[in-house]
Amino acid sequence: MSNITITPGRPAGTPPAPAGKDHRRRAPRRPRKTMNTQFRTVVSPHQLNTTRGRIIYWIVLVVVVVSFTAAFVFPLYWMITGAMKSAEELNAIPPTFLPEHISFDGYLEAWDLLGLGTLLGNTALYAGGAWLLTLAIDVTAAYALSKLRPIFGKVILALMLATLMIPPMVIMLPAYLTVKDLPIFGWNLLNTPWAIWLPAAANGFNIFLLKRFFDSIPRELLEAAEIDGASPGRTLWSVVMPISRPILGVVSILTVVNVWRDFVWPLLVLPDSEKMSISIGIASLSSQMPQNVLIASLVIASIPTMVVFFIFQRSIMAGLTAGSLKG
Amino acid sequence: MSTPVADRKQRQPTKRRRSVKRNLTAYGFLCGALICFAFFSWYPMVWEVILSFQQTNFVDPPVWVGLENFRTVFNDPAFAPAWINTALFTLLALLCGYAIPFVIALVLNELRHARAYLRFIVYLPVMLPPAVGVLLFQWFYDPDYGLFNQILGFFSLPGLQWLNSTSTALISLVIVSTWMNLGSGTLIYLAALQTIPSELYEAAELDGAGLFKRIRHVTIPQTKLILLVMLMLQIVATMQVFIEPYLLTGGGPEDATISVVYLMYQYAFNFGNLNAGNALGLMLMIVLMTFSAIYLRLSRDNTV
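First to last, the sequence lines map onto chains F and D. Residue 257 in full-length UniProt numbering sits at position 257 of the first sequence; the count goes up by one each step and never skips. Residue 176 in full-length UniProt numbering sits at position 176 of the second sequence; the count goes up by one each step and never skips.
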């Protein structure tokens with residue numbers, strides 16, 4: 001453990017350690033900290049560092065933090081604690097801020113009565129399969145369009161991107177009919193995972209994101225692999241995929257989260273109560289459930305996406321920004 | 001067209017063969033996507049148009065009926081309310097869901113503390129499954145013991161009927177929708193705001209521009225394109241409103257919240273008239289494609 005001596009490794013900006021041996025001198029002197037003005041914004045740093053500017057700044061900060069917490073966190077708090085209250089306490093006026101006695105019966109009942117295990121399992125199956133199939137189909141397609149450049153590749157890409165112009169809701173009826181009786185094959189995909197998986201893979205936006213990333217991979221890298229005798233498939237798997245991890249992560253998360261959150265499409269194509277996804281299951285059973293059980297099931301249904309968000313928030317937000325600036 | 005190709009073939013046989021092989025490989029890679037797109041995007045798109053002009057029961061061969069389906073939906077008493085509500089919903093959702101995120105982004109961009117926390121919680125509702133968000137608000141909206149009326153009661157204000165009254169039902173849907181979708185807009189604006197070069201603000205300040213003038217003459221022009229792009233995107237997204245009326249109101253009370261997509265769903269699955277539903281879908285598709293086209297146009301200009 002000799003890293004105490006390695007001073008250059010210290011993150012930039014931290015003040016150097018007190019050089020003097022007198023430790024008593026450290027505490028009292030604290031210079032007035034100026035605001036971080038690395039990014040100049042609408043408000044000028046000078047204004048911000050005046051006394052008046054500081055007061056306004058802190059007032060705004062407190063107001064924003066309090067009101068945003070009330071608007072965005074409080075409803076979730078209310079949901080989670082609401083499920084712990086008894087049915088009578090839920091309807092009490094005035095409402096209790098904390099549950100009188102915390103009980104997890106609501107959660108247990110929700111799990112049993114609604115069959116949340118099955119619903120969650122179904123949804124995981126739909127999301128997982130959609131993820132694998134989307135990656136397999138969209139990555140190969142984007143690779144072909146970006147690096148192999150077949151004839152009519154531009155037309156195909158344009159046609160795929162054109163589907164982004166067609167809002168999914170307006171073609172839901174013919175899409176439903178297609179799933180019900182697949183042309184040429186005549187298969188009925190209703191109530192099968194394929195009804196979720198295959199349409200999820202036809203995602204022009206994923207292909208666009210992946211293609212744009214693949215375009216940025218230098219040609220020389222692929223040519224080197226080709227000279228070494230790698231087939232295009234091998235190049236994709238061993239060269240392109242490993243360096244595309246960030247974008248593959250974004251596409252994966254977007255796909256899983258979208259399938260998990262989707263409502264309308266599973267509502268149409270998975271009418272069987274044994275095959276429902278969690279959102280549909282809860283919605284269709286909501287009217288028959290006691291209020292606290294229903295709320296508990298809402299909490300359980302939102303846990304998976306919330307966990308994904310807590311872990312991958314950086315990638316999710318990156319995907320969002322990439323989505324807005326496409327062109 | 002055939003002669004130059006044949007010409008080249010004679011001149012460069014090896015190159016041509018290699019290119020055939022490469023094309024075959026490429027199409028091998030593409031075939032999965034082509035099949036998925038063909039079945040689930042392109043074919044339904046074309047079929048939507050065809051079905052709108054047909055009468056089918058999926059047993060007998062389809063009959064072409066011209067504009068009959070359009071006439072059916074047009075004469076439906078719910079037709080006008082559905083379009084008016086959709087337009088109103090879009091307008092209100094834009095007022096809230098467009099202006100508020102921009103203001104939030106402006107404020108967040110100024111703050112030097114708690115940024116990560118604020119960004120995180122603003123985006124939190126976006127990650128909630130929409131069905132969960134909607135059902136949660138259904139509970140909040142309950143006129144007797146719902147959270148909102150309790151809060152109003154705390155300030156000794158009279159409770160509202162929320163979803164049960166024709167005057168507040170639509171605005172209640174707008175509130176849910178705004179709460180659920182605010183985060184994505186905010187983060188996109190925030191990203192755009194951070195690309196504005198600080199020299200512009202400094203220059204404006206030297207010219208004596210105050211805070212609001214700086215926002216008006218620097219911030220807004222600098223983010224104009226993203227603002228326009230988001231406007232189109234929001235219009236397209238909010239005009240497809242379905243889950244809120246489906247789960248919260250069933251289109252009621254008295255058609256006060258019926259939307260075009262919801263009516264379309266009803267035609268197909270409740271009234272058993274898929275073709276009329278399709279006709280309605282086609283009308284909406286034409287309207288939305290106009291906005292989508294503007295959006296694509298704008299976002300292309302934005303980056304190229």
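No wet-lab data here; the hints were simulated from the structure. Be careful, since some hints might not be right.
[As the list claims (entries may be wrong)] Per the computed footprint, the stretches of chain D lying under chain F, defined by three or more beta-carbons under 8 Å from a beta-carbon of chain F, are: (1) 37-50; (2) 71-79; (3) 102-115; (4) 140-146; (5) 271-282.
Don't be surprised by glycine CBs; every beta carbon is placed ideally from N, CA and C.
Now for the hints, and whether the structure bears them out:
Interface restraint, the stretch 37-50 of chain D with chain F: holds (10 residues with C-beta to C-beta distance below 8 Å; minimum three). Using a Cβ-Cβ cut-off of 8 Å, 0 residues of the stretch 71-79 of chain D lie near chain F, which falls short of the minimum of three, so the contact claim is violated. Residue count for the stretch 102-115 of chain D with a Cβ under 8 Å from a Cβ of chain F: 9. That meets the three needed, and the coverage hint holds. Residues of the stretch 140-146 of chain D with a Cβ under 8 Å from some Cβ of chain F number 3, which satisfies the need for three, so the listed coverage holds.
Counting residues of the stretch 271-282 of chain D whose beta-carbon sits less than 8 Å from any beta-carbon of chain F gives 5, enough to reach three: the coverage restraint holds.
Checked against the numbered hints given earlier, the structure breaks only hint 2 and satisfies all the rest.
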